[in-house]
Every structure is written in structure tokens, then in C-alpha cells.
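Using the hints provided, position chain B relative to the given structure of chain A.
This is what each chain is made of:
There are 2 protein chains.
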Amino acid sequence: MDKSKCKCGKANLPNTVNLFELKFENGLIPAIVQETESKEVLMFAYMNEEALKLTLRTKIAHYYSRSRQSLWKKGETSGHFQHVKQIYYDCDADCLLLEVDQEGGACHNGYRSCFYRTIDGKNVGEKVFDL
Amino acid sequence: MDKSKCKCGKANLPNTVNLFELKFENGLIPAIVQETESKEVLMFAYMNEEALKLTLRTKIAHYYSRSRQSLWKKGETSGHFQHVKQIYYDCDADCLLLEVDQEGGACHNGYRSCFYRTIDGKNVGEKVFDL
Chain A
1 MDKSKCKCGK ANLPNTVNLF ELKFENGLIP AIVQETESKE VLMFAYMNEE
51 ALKLTLRTKI AHYYSRSRQS LWKKGETSGH FQHVKQIYYD CDADCLLLEV
101 DQEGGACHNG YRSCFYRTID GKNVGEKVFD L
Chain B
1 MDKSKCKCGK ANLPNTVNLF ELKFENGLIP AIVQETESKE VLMFAYMNEE
51 ALKLTLRTKI AHYYSRSRQS LWKKGETSGH FQHVKQIYYD CDADCLLLEV
101 DQEGGACHNG YRSCFYRTID GKNVGEKVFD L
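Note that the protein sequences, when read in sequence, are chains A and B. What the first sequence shows, in this note's numbering, is residues 1 to 131, in sequence order. What the second sequence shows, in this note's numbering, is residues 1 to 131, in sequence order.
The following block holds chain A by itself, in its conformation from the complex:
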């Protein structure tokens, strides 16, 4: 698979859902982002209701940036969009898992995944673009 290209497979995702069952904490729900094909965990972020609704409607991942306190369309400035294929929620309904096809890299440091270091500080990540 050419990781720089989106596979653009069909999303198995509804346009809207009844969100009543999900538990947002202070308006946010954590979201784990995993690549559909490789199953690599790419990143971790938060969504508010608006970000989740936009994600469902557009099939492009949107999040809520806690540092910038604003809605955030992933890839809007970098072009590294995430095409969302499925979303799962957990037993406690307080965490989401997104399956995505990632364009370019998920990490703003140029890595495929944000989890490019082991706990003892070794860099084991795959660099996919230069800063």
C-alpha cells in the first residue's frame, strides 16, 4: 500500500447517529485513531458533539483542540486528511475508536504515528514527511 495515498475505500459509516448514549465529559469524548489496514494506532484526540457530527457527515475526521479551544479539521493546513471508515464506542460509552485511512502522516512531527517513541526514549517511528 502506498501510504501517502488514500485508498478511498467505502466508509461503513452512517451520516448521523443518535448520540444520546455517548458520555461526553465537559463536552468532550476521547478518540483513539487507528489505521484501517495496518491497524497501527496513529494518534489520540478529543471530539465534541459538533466534531463527531461533522465527521459522520463528511467522513473526514474532525476533532476539538483543547489547547486552541476550537474545532479542528485534521489535515486542513497539512493536507493530511483522515478518511473515516468506521467508528466504535466502548463498553462505558465514554471513548471512541476511529478506523481511518490516513493521508501522509498523522503526526505534526512528520511521523506516520504520533506514538513514535518507546517509554525508554528510543525513536522507533516511521518518518513520512519533512517539516
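Hints in this document: simulated from the structure, not taken from any laboratory. Treat the numbers as computed from the prediction; the structure is a model and nothing was measured. Glycine included, C-beta positions come from ideal geometry on N, C-alpha and C. Hints may be right or wrong, so weigh each one.
[As the list claims (entries may be wrong)] Some chain B residues flagged as far from chain A (calculated, every beta-carbon gap over 12 Å): (1) LYS10; (2) ARG66; (3) GLU76; (4) PHE81.
[Unchecked claim] Derived lysine-lysine pairs resembling BS3-like cross-links, with alpha carbons at most 27 Å apart: (5) B:LYS10 with A:LYS59; (6) B:LYS59 with B:LYS73; (7) A:LYS127 with B:LYS39; (8) B:LYS39 with A:LYS122; (9) B:LYS39 with A:LYS10; (10) A:LYS39 with A:LYS73; (11) A:LYS127 with B:LYS73; (12) A:LYS85 with B:LYS122; (13) A:LYS39 with B:LYS122; (14) A:LYS127 with B:LYS85; (15) B:LYS122 with A:LYS122.
Only chain B this time, still in chain A's reference frame:
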């Protein structure tokens, strides 16, 4: 692979690490838990420093339960321990990713993974034990 058994492969994990680089928020850091072999995302939890240190020392996953406000050795009552093989941290140093070999199921509802439902409410999970 017999998923009910631990493979007990060698952990590639240090006994202790310098935690100064990690960012704990109100004493906690989110932890994503992924199975080593299948790469399935199993659950999401939080760790405090004590839980992380115990995890590194014992190679068995420990978390901090926000609802019970106490340290939590995963599997202590169920026997469904998680043998930790590696831990990664993300670019912002505010989220962990654990690679584990899971005994039994990660979910207290009897599923292999806590993410057993799609966002439109379909149950797609693998039941591995009865309640």
C-alpha cells in the same frame, strides 16, 4: 493463537524510566491498550505515576480507576491479566500506548475488546467469556 492463554513472550520493557518528560494532567495520563499480535485496540484507561511504575516493575498492566479513585491491577478479580510487552508515548508526551498480551477478555462485559459496538449501535464484538 489460543487467545485465552498468555503467550508470555519476552517483554521489551525497562524496569524503570525517567518520567520527567511525561505530562500528567491532574495526576493522570490516558493509556490506549492494544494487543501485541492482533493489533486489536482492547480498551482505554488512565494511569497515575504509581500505576505506571508498577506496570514497568511487574510487566502486568496497572491503571488508576477514576470512578473508584484507586489503583487498579487489571485482572486482579477476573484473572484476565494484561502482560505488557512495550509502552509508547506520543509526540505531546500526554498519552501512552501499551502493547499487551491479553488473558481472556479485556472487557468486563465478556468481550475481547471494550470497543464491541459500532457507532450505529451494532454489536460486532467477539464474546470470550460469560458473565
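Hints and how they fare:
The claim that B:LYS10 lies off the interface holds: its Cβ sits roughly 15 Å from the closest Cβ of chain A, which is beyond the 12 Å cut-off. In this structure B:ARG66 is not separated from chain A by more than 12 Å, as the shortest Cβ-Cβ distance comes to only about 10 Å. The non-interface label for B:GLU76 is consistent with chain A: the shortest C-beta to C-beta separation is roughly 18 Å, beyond 12 Å. For B:PHE81, the non-interface assignment is confirmed: its Cβ lies about 18 Å from the closest Cβ of chain A, beyond the 12 Å cut-off.
Taking the CA atoms of B:LYS10 and A:LYS59, the gap is about 40 Å. The hint is violated against a cut of 27 Å. Among the hinted pairs, B:LYS59 with B:LYS73 is consistent with the structure: their alpha-carbon atoms are about 11 Å apart, no more than 27 Å. With a C-alpha separation of about 21 Å, the suggested pair A:LYS127 and B:LYS39 falls inside the 27 Å cut-off, and the hint holds. Of the pairs offered as hints, the one joining B:LYS39 and A:LYS122 holds, with about 21 Å between alpha carbons and a cut-off of 27 Å not exceeded.
For the proposed pair B:LYS39 and A:LYS10, the alpha carbon gap of about 22 Å is at most 27 Å, so the pair holds. Between A:LYS39 and A:LYS73 the alpha-carbon distance is near 22 Å, which keeps this suggested pair within the 27 Å criterion. Distance restraint check for A:LYS127 and B:LYS73: the Cα-Cα separation of roughly 35 Å exceeds the 27 Å cut-off, and the hinted pair is therefore not satisfied. For the hint linking A:LYS85 to B:LYS122, the alpha-carbon distance of about 15 Å falls within 27 Å, and the restraint holds.
With a CA separation close to 21 Å, the supplied pair A:LYS39 and B:LYS122 stays within the 27 Å bound. For the proposed pair A:LYS127 and B:LYS85, the alpha carbon gap of about 23 Å is at most 27 Å, so the pair holds. Pair hint B:LYS122 plus A:LYS122 does not hold up; C-alpha atoms about 40 Å apart against a cutoff of 27 Å.
Of the numbered hints stated above, those contradicted by the structure are hints 2, 5, 11, 15, listed in ascending order.
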